[in-house]
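Here's the letter readout for the chains.
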Amino acid sequence: MALLGPNASGKTTLLKLIATVLLPDAGTIRVQGHDIRTDMDRARSQVGMAIATERSFFPRLTARENLSFFAALDNVRGPARKQAIELRLAQTGLLDAADTLVMSFSAGMYQRLAIARAVIKNPSVVLLDEPSRSLDPAATEQLWALIRNISAAGAAVLIATHNLEEALALADSIAILRQGKMVEHSELALRHADDLRATYFGLTERRPDEADAFVGTYQ
Amino acid sequence: MSISALVDKALAIFRRDLLTSSRYRGALIFTAIGTLAELAAFYYLARAVGPSFRPEGFDYFSFLLVGTGFYTFLLMGIHSFLQSVQEAQQTGSFEVLMTTETSAPVLLLLTATSACARNLVQLILYVGAGFLIFKPVAPSISISAVLLTFTLSLGIVIAIGFMAAALQVTFQKGSVILWALGSSAWLLTGTLFPISNLPHPLMLAARMIPITHALASMRLALLAGIGLGAVRQEIVTLSVFCAFLLPLGFWAFSYSLHKARQEGTLSNY
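Just so you know, the protein sequences line up as chains A and B, in that order. Our numbering numbers the first residue of the first sequence as 609 and each following residue consecutively. Our numbering numbers the first residue of the second sequence as 19 and each following residue consecutively.
In isolation and in its complexed conformation, chain B is listed as follows (with noise of 0.2 Å):
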């Protein structure tokens, strides 16, 4: 397929979820008033916790913000692929697509994309908006480090968002692994605390999850203005877990909807 075509196919999907979301004017004025809420919590959180305690060097709102924020993206962003085979399937839309002249690895990519750019303008927003609002501290930002943090952050999202899909359409149960995820990240990733005050099993089983590395680069990247030279350890680490996981998890999707033609429960949900 050309670059080109796949332009066109990307813009005719943004296209679509801009306009479905823009008649959806409900859902966004509250989806701003629970984030402004959310914002509000760690504020008084980080105040009733007190300015002493300073987890990894950074100050504790700070630290909230941005692990809340950047874990909100990437666990968002997962569940954009699982969210697409499921509405798919729901909608009865899931063979039309498969009908269609995109394959559907292509087809999932291009859609949770789509999902993880309105993710992107949420977390700025949210990141943006903590700032602004509550004033912690200036932020000291290398811009290399983040995006080079935030790249490789994609890359996983992409791993595990196919290996949901996959989970969805064999077993109709993608959800299990963000229910799995979603409940020992928040224990195990550093979002809210460092992992290091975990004992140290927990600790060990916490590096084992990509999710923690990613949240610690992007915190050194944004609140530590750090170069790719101090980082350069989470950024080997995320590109390990990105060349393991990445094939691993396109080739589950692959497989999971050739046994799905062959057994006829595409659209089983």
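Just chain A, same shape as in the assembly (with noise of 0.2 Å):
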């Protein structure tokens, strides 16, 4: 599923929600079941989540020796993380560069290996804020591949972006969001793009009584 809005319509926030990073004001969420407020550690258990920032590792740590500790902190023991490690090193193609000091990776590089990192543990619930930012085309190709590989596995995928040509190509599903409500849903076998496109920038360019009056039109 893709969530697309514009800058500051609540896209990460709610990925951060599902991953207990925030707590909310109000409502519930629940993941496989677990309420991230009363039974926050099982509901974080399930969940792993890739934060678009290459700051968010140990930049003295090589690639592997990154993986091998969040791995521990995700309970990830034994032989277990060994293999998890070198699985999906191999998935996101770092293998070359696992005993490469992170602190000179490419801007792509990172992005691959927080997705090793969201995944390691094989959560049922893989959350991606913006995985194709600042990726040229081909590393973009190399990128989507590897999630329709992680949703193949039986992940659910959830996608924070602004892309629409990304939502189109990754999500079975959409949510447009805008200033913090969920003014869109649908089936995406059931749109076409141009539609999505005009449905987007109806939805998203509008004053706010202005979208609802279109979302209307549009039901």
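Bear in mind the hints are in silico, worked out from the structure with no lab data behind them. Ideal placement from N, C-alpha and C gives every residue a C-beta, glycine not left out. There's no promise every hint is true.
What the hints assert, rightly or not - Below 25 Å or equal to it, Euclidean Cα-Cα: the simulated DMTMM-like pairs (lysine to aspartate or glutamate) are:
| no. | chain 1 | residue 1 | chain 2 | residue 2 |
| --- | --- | --- | --- | --- |
| 1 | B | Lys277 | A | Asp803 |
| 2 | B | Lys277 | B | Glu56 |
| 3 | B | Lys277 | B | Asp35 |
| 4 | A | Lys690 | B | Glu56 |
| 5 | B | Lys277 | A | Asp633 |
What the hints assert, rightly or not - What follows is a list of derived Cβ distance ranges for each label pair:
| no. | chain 1 | residue 1 | chain 2 | residue 2 | range |
| --- | --- | --- | --- | --- | --- |
| 6 | A | Arg685 | B | Ala198 | 24 to 32 Å |
| 7 | A | Leu772 | B | Leu264 | 50 to 58 Å |
| 8 | A | Leu776 | B | Glu281 | 33 to 41 Å |
| 9 | A | Gln787 | B | Ile47 | 52 to 60 Å |
With the hints in hand, could you dock these two chains into one complex?
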């Protein structure tokens, strides 16, 4: 599923709420049946999140060492940890750079490493915040293939993005957020790309009252 | 969480810190040079003051050596809690760490434990080098009193460290607690001179600071070889501080995290 919306529409906030980094003022979020307020530890154990910042790694450790550290914190232990690290490094195309200090990584390598970290514990829900930000077209294609693989392996993948093309390439369904509210939710199989584009711009570039009227017309 | 899981996480954090430290080799060399220079300064200060000045019955260099070494260990221990949060906020890893299956208090405690282990090595090298190079007097050690004083002092470090981390999460200014401790502690804790030299009101204030009792107890245990019976009063005082401050520090940190999660200020710095 892709979360679309302009800046400050609440996409990243929603991902952080699901990941229990933030707590909601009101409402309920359940991850695999576990309420993030009352059953935070179990909810968190189901979620892997990739935050779009290269600064979230330890720069003087290698990619393999970084993954090993985070895997330990995620209770991936013993021989399973080594296997998980090698598998995720291979899936993200980072095996050749596994013993390189991450301080020398490119933006694309950081993004792939962030995804490897997010899935190291084999979570049932994977949250990706602007996964293809600052990537060139070739790196973007590689990343999209990786995300399709994660989804095909059975995880529910929720992607926050500004990029309509990315949403169309990866998602089965989309939700459009505007000022913290979901103003559109639909299955992409039922939508044409131009239709989605028109809907998105119609909903996100109007004043709230105009957008409400637009949603009414659309529905 | 099982003990084996906790040990596994602790080892991962030790390994991370060890690898990171080993890749900053220049810093290790400069730390060693700085330590030797500090020891030499205290040695010549003690010589300048003269052998007739024997604070609490100890020769002045030994008094300074244990006082400054243990004081630095305690302050650096508290600082390690603050630094763990500050660095994670500044490097952007704080939120990622909060999404792992390790609770924040456990993560902070393990990270600070790793830093304290490193600081303990520095303390042993500092005091050991002081005795070996400058040979003030042969130390007379009571192992049981040293261990008990050390354990209770660690409790104080953990409690104040959690409070500093809570201030950092809430106001992004946990350093104020270190500034307050660092500034007043030189004056009040008997690090450089006995608190009996202070005016009465300041002496009373000094006794309200747990570090004062930690230093006094450690000096007696390390230099006078006095057993548990003789340091009982300091041990009881430290135990009372621990019983009061440890739950308070833990509660303060947990509450600050809960508020920061609600207000979305977790990674503010």
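Hint-by-hint comparison with the structure:
Restraint check for Lys277 of chain B and Asp803 of chain A: the C-alpha separation of about 42 Å exceeds 25 Å, so the hint is violated. Only pairs whose Cα atoms come within 25 Å are accepted, and Lys277 of chain B paired with Glu56 of chain B is rejected, the gap being roughly 42 Å. Restraint check: the Cα-Cα separation between Lys277 of chain B and Asp35 of chain B comes to about 29 Å, which exceeds 25 Å; the hinted pair is violated. At most 25 Å may separate the alpha-carbon atoms for a hinted pair to count; Lys690 of chain A and Glu56 of chain B exceed this at roughly 45 Å.
Simply put, Lys277 of chain B and Asp633 of chain A have alpha-carbon atoms about 11 Å apart, close enough for the 25 Å limit, and the pair holds. The hinted range of 24 to 32 Å is not satisfied by Arg685 of chain A and Ala198 of chain B, whose Cβ atoms lie roughly 41 Å apart. At about 53 Å, the CB distance of Leu772 of chain A to Leu264 of chain B agrees with the hint of 50 to 58 Å. Separation of Leu776 of chain A from Glu281 of chain B is about 35 Å and conforms to the stated range, judged on CB atoms against 33 to 41 Å.
A C-beta distance of roughly 55 Å is found between Gln787 of chain A and Ile47 of chain B, which places it inside the suggested range of 52 to 60 Å.
Comparing the model with each numbered hint stated earlier shows that hints 1, 2, 3, 4, 6 do not hold.
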